[in-house]
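K.L.:
Residue numbers (the numbering used here), protein chains in the order written: chain A, 317 to 432; chain B, 5 to 155.
Certain hints may be false.
[As the list claims (entries may be wrong)] Mimicking DSS-like on lysine-lysine, the simulated pairs with C-alpha atoms at most 30 Å apart in a straight line are: (1) A:Lys339 x A:Lys420; (2) A:Lys430 x A:Lys411; (3) B:Lys134 x B:Lys78; (4) A:Lys339 x B:Lys78; (5) B:Lys40 x A:Lys339; (6) A:Lys339 x B:Lys73; (7) A:Lys361 x A:Lys393; (8) A:Lys411 x B:Lys98; (9) A:Lys411 x B:Lys84; (10) A:Lys339 x B:Lys84; (11) A:Lys371 x B:Lys40.
Rather than coming from a laboratory, the hints here were simulated on the basis of the structure.
Below are the chains, spelled out letter by letter.
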Amino acid sequence: MEKKHIVVHYVDDALVAVCADAKLNDEVGIQAWGDELYGLVETMKGDKLVIDFSKVAFMSSSSLRVLITLNSRARNKKVKLALCGINANIMEAFKITRLDSLFKIKKTEDDAIKAL
Amino acid sequence: MSELSACDVWSVEASYPSVLGQGRPLIDQIVAEMEKRAWSGRDVFAVNLALEEAFTNAIEHGNNCDPRKEFHVKCEVSPKRVSVVIRDEGEGFKRESVPNPLEEENLEIPSGRGVLLIFGFMTSVTYNDKGNEITMIKEPSPEESPAQDEA
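Just chain A, with the same shape it has in the complex:
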């Protein structure tokens, strides 16, 4: 069976995608994870999407690349995007690359949903 890289649920009208992998560093896995996220943006009914990273301990620049592409696809589909559950080390990577200014980033799922 194909591995799922995200697990989704709805909170009211917001779609929450919880990233299931502890490490996002394998190119094949990152590509599959990205494809699942891109697919969500294409097919989701509402206009609020939260990506929850609380299970993710490590991610490389390839996964940041996926998020940048996702952000642009979401904008094109008029989907509002927020990220949450990012640990301190990964947050530092967002700051170094200034991606913290590109994304709406909140600590918790609730805060992220409220921010949309």
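With chain A's structure known, arrange chain B on it following the hints.
P.N.:
The following block gives chain B in isolation, referenced to the frame of chain A:
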């Protein structure tokens, strides 16, 4: 975990074909050697990420994913210093030739962040003149400035 003295140094030299993922067991081993020497989780993350990015750059950009070409790694881990030298068989890299992803107009360009992360997370980073060999040094981060969760 075994006790290690301050002068305990683990070192390795290895070469790998330019196939993504080939060097990952070595990265895992370097991470394990840092953990044995009581490096902080933050510093282990930093070196782990820098290694991932530098290996990927050597394979994809240096050797154009040509499995006949190798990249070479030399690493030393001590309780107070990690040094890694990675050399590929490519024509060399010039940092100024890559658009700066920190510029406002480049913020949404997906590529070019690996090198930024290497410079951001390591204590010092240098290239040889040709640009096909990177030397990365990590020294312990000050304890009083841990990375903080942001809201």
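K.L.:
With reference to the structure, classify each hint as holding or not holding.
P.N.:
Each hint, compared with the structure:
1. In summary, the hint linking Lys339 of chain A to Lys420 of chain A is supported, as the alpha carbons are separated by about 22 Å, within the 30 Å threshold.
2. Of the supplied pair hints, the one linking Lys430 of chain A and Lys411 of chain A holds, its CA atoms being roughly 23 Å apart against a limit of 30 Å.
3. Among the hinted pairs, Lys134 of chain B with Lys78 of chain B is consistent with the structure: their alpha-carbon atoms are about 18 Å apart, no more than 30 Å.
4. Proximity of Lys339 of chain A to Lys78 of chain B is assessed by CA-CA distance (about 25 Å); at most 30 Å being required, the pair is judged to hold.
5. Under the criterion of a C-alpha separation no larger than 30 Å, the hint pairing Lys40 of chain B with Lys339 of chain A is consistent with the structure, at around 21 Å.
6. Only pairs whose Cα atoms come within 30 Å are accepted, and Lys339 of chain A paired with Lys73 of chain B is accepted, the gap being roughly 28 Å.
7. As the CA atoms of Lys361 of chain A and Lys393 of chain A are separated by approximately 11 Å, the hinted pair is consistent with the 30 Å bound.
8. Of the pairs offered as hints, the one joining Lys411 of chain A and Lys98 of chain B holds, with about 23 Å between alpha carbons and a cut-off of 30 Å not exceeded.
9. A C-alpha spacing of about 26 Å is found between Lys411 of chain A and Lys84 of chain B, which places the hinted pair at or below 30 Å, so the restraint holds.
10. Between Lys339 of chain A and Lys84 of chain B the alpha-carbon distance is near 26 Å, which keeps this suggested pair within the 30 Å criterion.
11. At most 30 Å may separate the alpha-carbon atoms for a hinted pair to count; Lys371 of chain A and Lys40 of chain B meet this at roughly 25 Å.
Against the hints set out earlier in the document, no violation occurs for any number.
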